[in-house]
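*Asks:* Sequence:
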Amino acid sequence: MPTTCSGPPGLYQNLHHEYIALLEELRVLQVEWHSAVSRKLVLEASVTSTTAQGDAVEPIRRRLSELQKEHVLLDQQSKLLQAQIEEAKELYKRACEESSVVIGGVLNEKQKLEEEYMQVMRLADQFDPNLQEDAALVKAALAEQRVEMRMLREALDVVKRSMMPDYFIGSPQHSKTLLVPHSKALVEVPMDDFSVPVPHGRLRLLTGSRGDGLQQLRDRHKVAVSVVCSNDTVTVRVQGHKAGVENCVIDIRRVLSL
312 MPTTCSGPPG LYQNLHHEYI ALLEELRVLQ VEWHSAVSRK LVLEASVTST TAQGDAVEPI
372 RRRLSELQKE HVLLDQQSKL LQAQIEEAKE LYKRACEESS VVIGGVLNEK QKLEEEYMQV
432 MRLADQFDPN LQEDAALVKA ALAEQRVEMR MLREALDVVK RSMMPDYFIG SPQHSKTLLV
492 PHSKALVEVP MDDFSVPVPH GRLRLLTGSR GDGLQQLRDR HKVAVSVVCS NDTVTVRVQG
552 HKAGVENCVI DIRRVLSL
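Numbering-wise (my numbering), the sequence shown opens with residue 312 and increments by one.
These are calculated hints, taken from the structure and not from any lab test. A few of these clues could be false.
As the list claims (entries may be wrong) - Calculated cross-link-like contacts (lysine-lysine; reagent style DSS-like; alpha-carbon spacing at most 25 Å):
(1) Lys-553 / Lys-533
(2) Lys-400 / Lys-390
(3) Lys-404 / Lys-390
(4) Lys-380 / Lys-390
What the hints assert, rightly or not - If you anchor each label on the Cβ, the simulated ranges turn out as follows:
(5) Tyr-428 / Gly-512: 29 to 37 Å
(6) Arg-405 / Tyr-428: 28 to 36 Å
(7) His-327 / Asp-366: 37 to 45 Å
(8) Tyr-428 / Ser-541: 25 to 33 Å
(9) Thr-359 / Gln-393: 44 to 52 Å
(10) Lys-404 / Leu-375: 38 to 46 Å
(11) Glu-335 / Ile-371: 47 to 55 Å
(12) Leu-340 / Leu-375: 44 to 52 Å
(13) Ser-349 / Lys-390: 19 to 27 Å
(14) Glu-381 / Asn-419: 49 to 57 Å
Owing to the predicted nature of the structure, the values given are computational and were not obtained by experimental measurement. Where is the CB? At the ideal position from N, CA and C, for every residue including glycine.
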């Protein structure tokens, strides 16, 4: 059924205009609503993306926190090491100072010893400018001289006893060197005396490292062996029975030729 409006024409027009205005407002509201819906969707998507990013960032934040703690710990260790390095530097400095003092003392002592050595050498040069033998060789020669003196004293005692009558010395068995029967004359044994020159620096070959080389020659050949120094020459003197002297001289020359 068609709708009819009765009333003044101006009222109808006014209502029509209001209706059109309302329709326009409705259209604008619809556009705005669609725009709001679109913005809502965008915001929801943004929130979802932000939440996802937050979930991804959380492990990074935890790792960052762990690294910060490790940094603090390493910083503490670095400070401790630095303190130890400083302490080590102080110890090294003190050690260097003490070492310097010790080295200085050693150098002073060395200088004193060198001065004393030079004084001894100057004194030695006053007696023999060509003196070259060292302390070990001199000690060995002195030891051989002492042994030689003892053997000479023993030989002298034997000679003295042999010249005394039997009733002064007791029994003839006390003298084993000279076999002298009471009823017979003395048996003369050929004796010899020979000197072997020793080249410079070769005496130690005869004396040996222990200084008993000449004593071994004495025991082996049953002769008297001694070192004789005259001016700038050194000789080895061999005395005794002829065969022993000859064999001993052969041994001495063999040793000196090594």
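*Asks:* Against this structure, judge whether each hint is valid.
*Replies:* Going down the list of hints, with the structure as the test:
| no. | hint | in the structure |
| --- | --- | --- |
| 1 | Lys-553 / Lys-533 | holds (11 Å) |
| 2 | Lys-400 / Lys-390 | holds (15 Å) |
| 3 | Lys-404 / Lys-390 | holds (21 Å) |
| 4 | Lys-380 / Lys-390 | holds (16 Å) |
| 5 | Tyr-428 / Gly-512: 29 to 37 Å | violated (20 Å) |
| 6 | Arg-405 / Tyr-428: 28 to 36 Å | holds (34 Å) |
| 7 | His-327 / Asp-366: 37 to 45 Å | violated (58 Å) |
| 8 | Tyr-428 / Ser-541: 25 to 33 Å | holds (27 Å) |
| 9 | Thr-359 / Gln-393: 44 to 52 Å | holds (51 Å) |
| 10 | Lys-404 / Leu-375: 38 to 46 Å | holds (43 Å) |
| 11 | Glu-335 / Ile-371: 47 to 55 Å | holds (53 Å) |
| 12 | Leu-340 / Leu-375: 44 to 52 Å | holds (49 Å) |
| 13 | Ser-349 / Lys-390: 19 to 27 Å | violated (59 Å) |
| 14 | Glu-381 / Asn-419: 49 to 57 Å | holds (56 Å) |
The structure is inconsistent with the numbered hints 5, 7, 13, although it conforms to all the rest.
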